[in-house]
Amino acid sequence: MDLGNKGKSSVNAGLIAGVVAVLTVLLALGGLLISQLEDTVLLPINASAESEQVDQLFRVLLGIGGAIFLLVEGALLYSIIRFRVKKGDTSDGPTIHGNVTLELVWTAIPAVIVLFLVVYSYQVWIDIRAPKEGEMVVNATGARFAWTFNYDLPVPDDMVAMFRENDLMSELEGNEEDGYTLNVTSNILHVYDERPVVMVMNSQDVIHAFWVPEMRIKQDLLPGRTTEIRFTPIALEREYDAEANAVYDEAADLAVTNYRENGELTTLVTFFGTDGEEVARLLETYTIGEFNRIVEAVRSVRNENPKVDPRSTSFTTAVKDRLTENLQNLPEEDMLAFASAFGTNGINYNQYRVVCTELCGSGHGAMYAYVRVYDSEQDYYETFVNPTIFARANPPDDPVLQGAQILASGTYPCSGCHLLQESGDGFTIDWGGLTGPALEGVGERAATNRSNSTGLAPEEYLFQSLYIPGAYLVPGFNNLMNNFQFGNPDGDLYMPVNDAKAIVAYLCSLSESSEYACDLENLDAYAASFIDDN
Amino acid sequence: MATASYPLRGQYVEEVKRPKLSEYLRWSIDHKIIGVQYMVTSLFFFVIAGALAMLIRWELLTPQTDLMASGSSYNTLFSIHGTMMIFTWIVPMFAGFGNYLIPLQLGAKDMAFPWLNAFAFWLIPPAGLLLILGWFVGPAEAGWTSYPPLSTIFSPDGQTLWALSIHLLGLSSILGAINFIVTIKNMRPAGMGWFQMPLFTWAIFATSIIVVLATPFLAGALTLLILDRVAGTTFFDANNGGDVLLWQNIFWFYSHPAVYIMVLPGFGVLSEVLSVHSRKPIFGYRMIALSSMAIAIVGFTVWAHHMFTSLQPELRIPFMITSMIIAVPTGIKIFSWLGTIWGGKLRLNSAMLFALGFLSLFVIGGITGVMLASVPVDIHMHDTYFVVTHFHFVLYGGSVFGIYAGIYHWYPKITGRLLNERLGKLHFVLTYLGFLGTFLPMHILGMQGMPRRVAEYDPKFQDLNVLVSLSSFVLGISTFILLYNMVVSIYKGKKAGANPWRALTLEWQTTSPPPAYNFVGDPIPFEDPYGYGTEASKAYLDAMEARFGGKPLIVEQSTEPEQASGD
Numbered sequence: 007m008d009l010g011n012k013g014k015s016s017v018n019a020g021l022i023a024g025v026v027a028v029l030t031v032l033l034a035l036g037g038l039l040i041s042q043l044e045d046t047v048l049l050p051i052n053a054s055a056e057s058e059q060v061d062q063l064f065r066v067l068l069g070i071g072g073a074i075f076l077l078v079e080g081a082l083l084y085s086i087i088r089f090r091v092k093k094g095d096t097s098d099g100p101t102i103h104g105n106v107t108l109e110l111v112w113t114a115i116p117a118v119i120v121l122f123l124v125v126y127s128y129q130v131w132i133d134i135r136a137p138k139e140g141e142m143v144v145n146a147t148g149a150r151f152a153w154t155f156n157y158d159l160p161v162p163d164d165m166v167a168m169f170r171e172n173d174l175m176s177e178l179e180g181n182e183e184d185g186y187t188l189n190v191t192s193n194i195l196h197v198y199d200e201r202p203v204v205m206v207m208n209s210q211d212v213i214h215a216f217w218v219p220e221m222r223i224k225q226d227l228l229p230g231r232t233t234e235i236r237f238t239p240i241a242l243e244r245e246y247d248a249e250a251n252a253v254y255d256e257a258a259d260l261a262v263t264n265y266r267e268n269g270e271l272t273t274l275v276t277f278f279g280t281d282g283e284e285v286a287r288l289l290e291t292y293t294i295g296e297f298n299r300i301v302e303a304v305r306s307v308r309n310e311n312p313k314v315d316p317r318s319t320s321f322t323t324a325v326k327d328r329l330t331e332n333l334q335n336l337p338e339e340d341m342l343a344f345a346s347a348f349g350t351n352g353i354n355y356n357q358y359r360v361v362c363t364e365l366c367g368s369g370h371g372a373m374y375a376y377v378r379v380y381d382s383e384q385d386y387y388e389t390f391v392n393p394t395i396f397a398r399a400n401p402p403d404d405p406v407l408q409g410a411q412i413l414a415s416g417t418y419p420c421s422g423c424h425l426l427q428e429s430g431d432g433f434t435i436d437w438g439g440l441t442g443p444a445l446e447g448v449g450e451r452a453a454t455n456r457s458n459s460t461g462l463a464p465e466e467y468l469f470q471s472l473y474i475p476g477a478y479l480v481p482g483f484n485n486l487m488n489n490f491q492f493g494n495p496d497g498d499l500y501m502p503v504n505d506a507k508a509i510v511a512y513l514c515s516l517s518e519s520s521e522y523a524c525d526l527e528n529l530d531a532y533a534a535s536f537i538d539d540n
Numbered sequence: 181m182a183t184a185s186y187p188l189r190g191q192y193v194e195e196v197k198r199p200k201l202s203e204y205l206r207w208s209i210d211h212k213i214i215g216v217q218y219m220v221t222s223l224f225f226f227v228i229a230g231a232l233a234m235l236i237r238w239e240l241l242t243p244q245t246d247l248m249a250s251g252s253s254y255n256t257l258f259s260i261h262g263t264m265m266i267f268t269w270i271v272p273m274f275a276g277f278g279n280y281l282i283p284l285q286l287g288a289k290d291m292a293f294p295w296l297n298a299f300a301f302w303l304i305p306p307a308g309l310l311l312i313l314g315w316f317v318g319p320a321e322a323g324w325t326s327y328p329p330l331s332t333i334f335s336p337d338g339q340t341l342w343a344l345s346i347h348l349l350g351l352s353s354i355l356g357a358i359n360f361i362v363t364i365k366n367m368r369p370a371g372m373g374w375f376q377m378p379l380f381t382w383a384i385f386a387t388s389i390i391v392v393l394a395t396p397f398l399a400g401a402l403t404l405l406i407l408d409r410v411a412g413t414t415f416f417d418a419n420n421g422g423d424v425l426l427w428q429n430i431f432w433f434y435s436h437p438a439v440y441i442m443v444l445p446g447f448g449v450l451s452e453v454l455s456v457h458s459r460k461p462i463f464g465y466r467m468i469a470l471s472s473m474a475i476a477i478v479g480f481t482v483w484a485h486h487m488f489t490s491l492q493p494e495l496r497i498p499f500m501i502t503s504m505i506i507a508v509p510t511g512i513k514i515f516s517w518l519g520t521i522w523g524g525k526l527r528l529n530s531a532m533l534f535a536l537g538f539l540s541l542f543v544i545g546g547i548t549g550v551m552l553a554s555v556p557v558d559i560h561m562h563d564t565y566f567v568v569t570h571f572h573f574v575l576y577g578g579s580v581f582g583i584y585a586g587i588y589h590w591y592p593k594i595t596g597r598l599l600n601e602r603l604g605k606l607h608f609v610l611t612y613l614g615f616l617g618t619f620l621p622m623h624i625l626g627m628q629g630m631p632r633r634v635a636e637y638d639p640k641f642q643d644l645n646v647l648v649s650l651s652s653f654v655l656g657i658s659t660f661i662l663l664y665n666m667v668v669s670i671y672k673g674k675k676a677g678a679n680p681w682r683a684l685t686l687e688w689q690t691t692s693p694p695p696a697y698n699f700v701g702d703p704i705p706f707e708d709p710y711g712y713g714t715e716a717s718k719a720y721l722d723a724m725e726a727r728f729g730g731k732p733l734i735v736e737q738s739t740e741p742e743q744a745s746g747d
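Protein sequence lines, in the order shown, are assigned to chains A and B. Our numbering puts the last residue of the first sequence at 540; the count rises by one with no breaks. Our numbering puts the last residue of the second sequence at 747; the count rises by one with no breaks.
Hints were generated in silico from the structure; no laboratory data involved. Every value quoted in this text rests on a predicted model; they were computed, and no experiment measured them. Just so you know, even glycine gets a beta-carbon here, dropped at the ideal spot from N, CA and C. Relax, there's no trap hidden among the hints.
Covered stretches of chain B, as calculated for chain A (at least 3 residues, CB under 8 Å):
(1) 329–339
(2) 418–424
(3) 499–508
(4) 523–530
(5) 627–640
Just chain B, with the same shape it has in the complex (with noise of 0.2 Å):
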């Protein structure tokens, strides 16, 4: 337990201290620690599997296979830089938002099963060691989608050490998903309904819904793949009585539903991010909570679009009615957005830029999507790099630049200080080309022929290969900006208050970083958590600020980037 430095539940105290490293390190049932361990972690694989796309494009350069020694290791850099970016990143980044997040927010003191939420963490490392110990006994080559029987008979063991390294990142998910359905249902305090909640929170909930409904399908269908591999059954075996289109059945029914794990959490933060830094109410409340349900559901059933080339051909139209059905809700979310900032008062900062650049680029994948829905088209399309730039506009343009609107936008309440805004409007303006130079001519090249995962291709695409890939290194190169910022800041950052963008959610109604248990006494949430513009509201944020002290940067963020300064 890291309590011992922290201040008496009730007692008043001027600035909360920042947990030590050691507790970071450590077994620990604090949900801000947890939280925290979560994100780093997911930020190191961040890195790895970021390094590995630059070889994949370095590799890209030309349109032999020169860098690397083989086709397979080729295949193994796409596969593990895929699952990596998936189940070590982005789904665990966004489980280290909602776990230091969701209790804040619903003023509670911790997660429901404390235990839990840290067992569930510390499945991540030893499952990511597991991926990694792959390169030593052949590594894993068949893609992060793993379509026997190319990932049974015809891969090297490092396929089974995948597949076990999945099964503990699926169960973490479980675990964690279980622990914020329970925390949402229950713990909410007194006077917030369902539709009082920040959307970030209807956002977890949802998501959570989708994992633990889902999850134990890719369980199920790692299970069989590992008893074909170790075991000698035959489920996928067509020589043998199996059938090679089962696994895809049971694995699109996860990893569909599995896109919007990845994304809604995102759809959660924008909620939160425009309407704060537009200084006016969410638009359509009802309508984006109950939009992200909708998604959540009509998400079980459009799990077969990813199979239009080798489902039966009948069976595919069923499918393509229910996947162009989800563009509606998603368009909802899209337009209510757009009214949230309209007329409002923007704040451009670093968070505001990568919440707006989100809602930029995820149009464009958003499009793209329905595009795809479309069975004659997609037969076109499908496995070509149309369908890569597709995925890395919802997942890069939509959930990676969520998160890092995230990291901007709630930096300051879990160090106390704020990241240097010269930096980040540098790292959004070189993440933003370098995302747009990189995914833009990737559509050109799919349709004119390109498939994917291949490292060598016609010599005819060279040319905007190569746009592609010096792109790709501004992006990669744009990252270390973002880490030395967030490395940096923790020292030499601003000190930000308890509620610099003046919000009105409860996780702001505490110090900066919050204390042992989270707020001192009990948290009174405002009746709208984005009720700005109106009189209560200013009286409530005033009331919260005299009380936690801390002058609002408010003022000064209006329009002029923050000066770095030291402390």
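Next up, chain A with everything else stripped away, as it sits in the complex (with noise of 0.2 Å):
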């Protein structure tokens, strides 16, 4: 845009023209280049369908923007050097009040530019809005500090009959015609790739809002009222991690070696999937030492070429060759389970932040999840879907392994408010939260200060603080913690009562020394008695 020519209307057309054309070229070239800036280091990659549409968009945006800016800021500085004035000379500019054309130029440009911005931005708003079919529904809750996911999952007929058989079909929802689910709670949010997914938000407090910057995806959820997201889920090439590897192989073997001590299928379930039964098989099946040499067959395979599926004939033909002739006769079925649970690569997803976007608070910062994305739908079911029911269908007799799983799963909004960082055996917790009482070494804690201000036994004031946590305030925190309640199993801070005597038990064994802080049947006593009093 050249300005400087307005005063003078002597000045060639053409050469005004011809000057025109070549800055418009040059700052669409300028705004293209820009608009590439996108790609690199303005947004991050994408993990959703819509984020593709949205990112487009921006580009568009970046480009428009970028011109814009191109024209601005060259027009200035130019303006700058060649207008700057000339020492000693103390005479006024020319006297232009303004060009009538010029002007309508500069108004109507910007408002077709808006126009166009404006139709374009709504048909992608329409679009990754949309609903898809086949949508899975997960309902989020966001409280302070802490998100949890629940779903109901289907359970399969082999599942069913674990629960039958270990009495627990009243923790399954359905009947026998059309098949049961189970309701489980998570602080991860598990999808799997190309599924669209629908969030059900609710808020327990303040407003909070659920945000994954790789997916562009986000919405505020109000108390008071229930929102609702839509996106579908991308799975992207992963780098290939030995380091990943070496950490999920020490796992699987402390699996194997915890089943063989104690022969309990959950061990190697809740590690291996459904992959998990098979195993325990194969153990029978084969001496240690020929065990151990098949999998680390496998292994080697797998570490020279992580990109080859291990259910693949090419995978297991190469397995085969390195194994010693007695061993390359075994049946194709048993030679595909050791492929199958020792061939995988450490990591089968790809995990990003869910980042609370609204102001809710001290904790805000660390009001954090993960959202997992799964390679395809066999790894979602083997991964989380199939162990969870499994665990779910066989927990533990210990009542502190099962307050650690329970912990662990993310039932409880626990992680955004309290500081604990354990793992065992199907179970690690990873908290970082800084505004309630971190939790580790909490049962010498209880038996100790708290036991001694309260009046309580460590059990009972545990077991209190889960449903009156501002019976007693830890010094120098406040009463920001949620009141569980066990009367009601629809309320949205339903505890059942076993939950909180297993959690009781667990955090009862924190601690530094090795003895164990609490009476197991003083709580069951405490337990029945709060309940009559409450």
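With the hints as a guide, bring both chains together as one complex.
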């Protein structure tokens, strides 16, 4: 745009047109160049189908914005250099009050651009929020300062049998004809490639917002209203991660060792998923030496060909080539079971942060969770659904372990406020919250300081703290925790008494000294009287 | 009244003595005293709120919460930082400019309601005190937007003080605005029609209309909030029939127009400074004046674009349309300013540098504003550092740079002395670079996934945050160069004379500082406040110079930076 010509009507019109045309092309090219920044540094990877559309729109905005940026800053810089007053020049500039044509042009062109952007944005908006077929429904709850995700998982028939056997049918919903489902709560959002998801979201206290930057989706959770958001996750390629494989192998060995010692199938299934039962069978079929040699062969093939599907013929053939002759004849079925359990890469999902973006109080920054996008439906079932259902059908007898698994599952939103890092048989707890008291060594403190202050036995104090956290406040902390309820199973803050007892049993075990802090018989008695009193 | 030491009306004098310091500490109904009271008070709060920003950036050097004792105390930092910067810095600072300049630019003796004017100012110190007192009862920690229910049942008593404080500041703002409207409507001198008014006066007029129409909504929202907090009502309590979105709607119905309350006066300053220091008429005067009014009107229809993640999905579209439309009048202004400097004789003094800096930064804030108006893009950007940097480009790169430009431009009129140019340029360079280092990388942080209002963040963002924090410290320090310059130049600054810039608007056609009641005799406005480059304007300025004495600095100002010199 050549403003300098506006006063000189005699200037060749062709020259002006030429300059304007060249400038327009340069600006368009510049805008285009700037818009390419999007892919490289500006926006994160695209982990949802919707994100592609949003990014395309963003690129257009960036390109147009970039051209305007170049135009304005260019004109500004040019003016500063070209029109800076010469030394000693005290005269005024030309008396130009305006130019109607020019003013109309710079009103009309932005108006047209803006109109175009409105229509384009509208189309993208309509597209990305349209309901899709076969949506998976996930209920999300935001509470200060943690996320919980709730699913109804379909329970396969053989697992239903397990629930029946263990007298746990009350956990399932549905009936024989339509099939059963199990309601599962987790602090990780599990989804898989190309399966559309609709989140149905509620808040328990203040306003929160659900955001996954890699998916370009965000929606507030409003007290008193239910809000929804839709997205279709996309599984992305991962870098081969030898370290993750090593960690995975170590954990697999531990699961096998534990099973050898305690004989509990849960240990294997929670780790290997559906392959767990197969692994148990293999452990009976083969000697320890044979078993280890086959596993080693499977792993070495995998490490050399990390991208090959372990269930493929080329994979199993390569494994057989490495085995001694007597093992080469192992049945195809066993070979596949070995390959499937031990030949998978350590990680079969990509994980992204779910961030809370609406200020919700002191722990706002700590209020994040993860969404896992599994590479395939099969991975989703094998790694998440089936082990989860299996674990629920076969709860450990040990109340301490039971409590640990309940806490690790994220059924209750503890992670945002409490600090605790523990892992063990079938559970990993990694909480970093600072708003509430740290739970590391809480059993010991319950037995000493807290017991002295409250006059309650440690198990009594911990039990009371779950339902009436404000009854005694640890010095330096405010009464911010939810009061869990045991009366109403449909309530938002429902915590069955059995869960509470298991959690207390686990918390009592958190102690520096080897001595167990609590008396579990007294816990049963106290719980019974607590229910009567409240 | 501060008239005793002043010469009698109609008497010609060489130089007017500055009012004594004690006059600024007392109740005064002289608009020039009140204007300075506004400005100094605002600068005081600017320093406090700036210090809070430094603490915020210090905390964000690391991804864990370590400087502050807890998330709560961090939340207080940015809550009070935002509230103070908006309600006790930018808004009253421009009210100060308005107070000092509007009667002068209109050739009037004072504001229409001098007593009301003083009353409006004296509401500010107690209101600021209430904000600070919050620290003794558990300070507000729900952000400057204070969404319930976080700000009702989940916040300590400081939140009530916060609401009371803003109530007072809002009242002050409304009273001031009524005064401006009445003054501008009724007290223009003979020969000055609406379209002969200086553009700063136009900007204050448009701003005041917004204040009078919008601020009562803030007062209403705050009243409901206070009732919910102290009287047990449940306007915002969803469990008892209330609605959390009610607050957001009323709050933003005020607070979006409030953005224009904060930036339109900056536009006004820019129009004055660019034209005077380019020695060229403003380009498209009418379009600039009318686009201010257009922004004021359309600005009332865009509020819900702050609620794109909470509003009913269907309702987001109309607000996207209006929000995009508002880019058009804003664009008109930017192009008109470019047209103003194009072909001029640019004098790159400190005032001009900050005005050009304003233009270069504000355009970035405008572009990101259009991006944020687009619903699908905003869904990703909402409540991230992208938004944080967007409004800092508008309110710091825009409003605060406008304030700085205004200070360098009008300080000679207010004090009779020039600010030191060398320090002014150092101030500009450090502020500009500090600003870019602070706020450019924030775009990337926001887009990549860093939410706002967190003390604890994903460790992958640490490198950029360190860069931002270090730059912000430069930005913070640069402010003290201006403060030092302002204090020292009162005594050591070069004498300015009546009209050092040879400007045509009326505030320059009297001594610096102006006498009591501003003008000796009736001032005669030039037919066109920006009619530079004509023989008539030269003759007018020469005549005024002969009358008020003092040699114009325009010759010395040409290219060489001013040498600092004692009296």
